[in-house]
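S.K.: Given next are the chains, with one letter for each unit.
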Amino acid sequence: MRGNKRSRNIIIVLFLLPALIFLVVFMFYPFIMNFINSFYKSDGFLESTFIGLDNYRRLLKDDTIKIAVKNTYEIMLYVCVFEVGIAIILACMVDSITKGQKFFRTVYFFPIVISATAIGMMFKLVYSYDVGLLNSIMEALGQERRNWITVKSAVKMVSIPIVWQYIGFYFIIILTAIKQIPKELYESAHLDGINGFTKTIYITLPLIRNVIITCLILAINGVLKVFDMVLVITEGGPLNKSQILGLYMYKKAFADNTFGYAATISVLIVVLGLLTIFIVNKIFKKDTITY
Amino acid sequence: MSKKKVIGMKKKKFGIGTLLIYIFLSLFAITTIYPMIWVVQNAFKTSNDIMSSSFTMPTSLLWDNFKTAIVRMNIFKGYANSLIISGSVVLFAVFFGSLASFILARFEFKGRKIIKTLVIGSLLIPIFATILPVFRMLLSWKLIDTHRGVILPQIANNLPFTIMLLTSFMETIPKELEEAGVVEGANAWQVFSRIIMPITKPAIATTATFAFLWSYNDLFTSLIIIRSKAKFPINRLLTEISSQYGTDYGLLCAVIVLIIVPVLTVYMLAQNQIVEGMTAGAVKG
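Top line first, the protein sequences correspond to chains P and E.
Take the first sequence: its position 74, counting from 1, is numbered 74 in the working numbering, and each next residue is one higher.
Take the second sequence: its position 265, counting from 1, is numbered 265 in the working numbering, and each next residue is one higher.
Quick caveat, the hints were computed from the structure, so don't treat them as lab data.
Note that the structure is predicted; figures quoted are calculated from it, not measured.
Every residue gets a Cβ at the ideal spot worked out from N, C-alpha and C, and that includes glycine.
Mixed in with the good hints, there may be bad ones.
What the hints assert, rightly or not - Derived coverage of chain P by chain E (criterion: at least 3 residues anywhere in the stretch with Cβ under 8 Å from a Cβ of chain E; other residues may be distant):
id, stretch
1, 19-30
2, 62-76
What the hints assert, rightly or not - Which residues of chain P face chain E? A few of them, derived with a C-beta cut under 7 Å, are:
id, residue
3, Ile-11
4, Met-93
5, Val-131
6, Leu-134
7, Gly-142
8, Glu-144
9, Val-270
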């Protein structure tokens, strides 16, 4: 684009400005303010006193934080093993069949378009003591009804819909990657007598390694964003046993009016997120594969 | 070459292995379909009927739950609020996003790299890390309990993804196309709106569906910003009904159905767009 330089610069500024204003005002500025606020004792409205590292000391001593961090990593483990794991199995299977691929793709993606709120509510009903699907099954099998969400089981029961909802998402990504592997590679393997299961383990999986790593990073990152599902199903209970960081931060800010401490919790969420992504990247270094 | 292909394509025996694969795939399909069927069938029952048997199909179609949801709970108002919020978010995020992407993809200038890095970096900022100061700002601007209070931060939250995707798409458009436009005397706005935008349509559709679903399904922002029931988007309304009528299971099922049905209908109609929109970020990144 020629024209004179001045009008070119004006165009650049005018076109970029709206997006940049939004990013600065609603992301970068609050992000920095949030960090600063973590050093203050504040109720969010009137009171605001600088207290140095006190919020961070409180964070280290807070038992609920320990539970929430533990839960976060527990859910991350489930998500890596079951969500991405089942997605890989399903993708390899769907790739190997000839009829019905389209059907399974459509059906597996169902839960993703539905809001976590609605899914959470659905699972709350499924778990419910009086009317729940699980207890109906138990009764049909001649067993006693039981309480599905207990102090011991809460995190696991909450993890099930979290894991289940996004299996189809990673399934599609992995299936797309498998479909991009050139057919010639399989043909030569076929000539060497490699088929079925061995083919998947020795050829397919190594070739889509990078995509699997991307899926793991996305899935792990997704766990740090979980909120609606836990709020709807357990509200973090019983006894905070299924508490997660996002929900705890929300409660500290809007139920207990401790904005400064809530800001500290969200700093922890950011740090954990960056740290985990860093570690995952270190463990699984991406290789560049050329076909 | 052609012979090789024949060898690769042969061997389509329908053995035990294939059968097991179909069984396994179908079992997982049941987990995604059955819970919805279960909710639908219970939406037509009274709470007592559900308690005695939640498995069975309803004996008669009881529309009371839906009537209650629509009349007393004002579900349609919830839809309208959701549409206002998500529609505005899509409109502004896509428009501002494509303006910025056009510059980032087609112009060389000082600071371009920094801005690109900032945009990608902002993808790593979780909503939890910005919401408290945003809440305070909205409070001081008197935007708490308004739709605008939800729309503004949601636009910002959707911009990084939109810009990332549209920029990488626009970078692939051949330079010759816009040069032809410039020779004919088109200004920057005309190049953008008449040459670049029409070509970018598929990517725009992708980001628009993503932004819409993200905003329509988001609960967190509206939970914090919106206070009065008349302004609740659909998700917020659902949590409200659950806390007020938590034991009216039939009603809850009906409301879940009312929330799920429109999204699933849209999904069935625009399946390819939606799947691409939701997975595009992962495939690109």
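S.K.: Go through the numbered hints given earlier and state which of them the structure violates, listing their numbers in rising order.
M.R.: Numbers 2, 6, 7, 8 - these are the hints that the structure violates, sorted from lowest upward.
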